[in-house]
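I would like the entire structure built from these sequences, with the hints used as guidance.
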Amino acid sequence: MSEVELLLVTGSDSCTMYTIQFLADDKSEFEKFISKFRRDAELNRDFQAIMSFVERILSNGALERYFRREGKMSDSVVALPVLKSKLRLYCLRLTDKILVLGNGGVKTSRTYQEDDTLRGYVMDLQKFERLLRQEARSGNVEITEKEIITDKTFDI
Amino acid sequence: MRTANINLHEIFDEIPRERREAARLSFAISDRLDALMKERGLNRSQLAHALGKRPNEVTRWLSGEHNFTISTLAMLSAFFDQPMIMVC
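Residue numbers (our numbering), protein chains in the order written: chain Z, 1 to 156; chain C, 1 to 88.
These are computed hints drawn from the structure, not numbers from a lab. Hints are supplied without guarantee of correctness; some may be wrong.
Stated by the list, open to error - Short derived list, chain C residues pointing at chain Z, Cβ under 7 angstroms:
| hint | residue |
| --- | --- |
| 1 | ARG2 |
| 2 | ILE6 |
| 3 | LEU8 |
| 4 | ILE11 |
| 5 | PHE12 |
| 6 | ARG19 |
| 7 | PHE27 |
| 8 | GLU65 |
| 9 | THR69 |
| 10 | ILE70 |
Keep in mind the model is a prediction, meaning the values are calculated, not measured. Ideal Cβ positions, reconstructed from N, Cα and C, are used throughout, including at glycine.
Now the structure itself:
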């Protein structure tokens, strides 16, 4: 079990963006994604493409059609971009206005399940969502249309 | 709740202007297409069938990421009998 904290990244009228951070780490999952690829000579272009989509989503909202469905039917895990790319960023799309940005990486296998690292990123988000919804049902977390209201940490 | 140590706007500003503008346009066109489909009560499969395309092609158009050609925009404008874009 690892303890995880939800952090606010930024917000607009259309969307509030969060990320998660393992308490044992010094960076959040989205910070790790940025650190890995922001200055990568080979993947910087793909990274910037994804960030340009994040910018549009912040402006327009986290609409379902802007994302590629990942994970299972029962969870909210999605990925950017929709179209073919060497790089993939995994997120939790909880509503049209709430997005939790996770980690991501280079997709070399046909599915993320075949890649231990990518599968790990997806599983972290799946576990986090399960706990978040459990705590929301217990009244310890409030999820509105546009915000997640909590100061809890989560054991995933 | 704590705030992450991420300056997204600094990262956005590193993206070349033409790429940011391309994303703005492609998202705007996809939103326009979505609005026209809703007006007509069409889902992806129905639009795809009407145009002789596959549903996953419509999914790509609606994603915001698609780089539309003039011929695709013209086809959609003709189908909906409304302009997809306005050129001033």
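Verification of the hints:
Of the supplied interface hints, the one on ARG2(C) holds, with its beta-carbon coming within about 5 angstroms of a beta-carbon of chain Z, less than 7 angstroms. Proximity of ILE6(C) to chain Z holds as hinted, the smallest CB-CB distance being about 6 angstroms (cut-off 7 angstroms). With 7 angstroms as the threshold, the beta carbon of LEU8(C) comes within range of chain Z, its nearest partner Cβ sitting at about 5 angstroms, so the hint holds. Hint status for ILE11(C): holds, given a least beta-carbon distance of 5 angstroms to chain Z, under 7 angstroms.
Because the smallest distance between the Cβ of PHE12(C) and any Cβ of chain Z comes to about 5 angstroms, under 7 angstroms, the interface hint for this residue holds. For ARG19(C), the interface hint holds, the least distance from its beta-carbon to any beta-carbon of chain Z being 6 angstroms, beneath 7 angstroms. Of the supplied interface hints, the one on PHE27(C) holds, with its beta-carbon coming within about 4 angstroms of a beta-carbon of chain Z, less than 7 angstroms. Contact between GLU65(C) and chain Z, as hinted, is supported at the beta carbon level, the nearest pair being about 5 angstroms apart and thus within 7 angstroms.
The beta carbon of THR69(C) comes no nearer than 15 angstroms to any beta carbon in chain Z, farther than 7 angstroms, and the hint placing it at the interface is violated. This hint is violated: ILE70(C) has a C-beta 19 angstroms from the nearest C-beta of chain Z, more than the 7 angstroms allowed.
Hints 9, 10, counting from the list given before, are not met by this structure.
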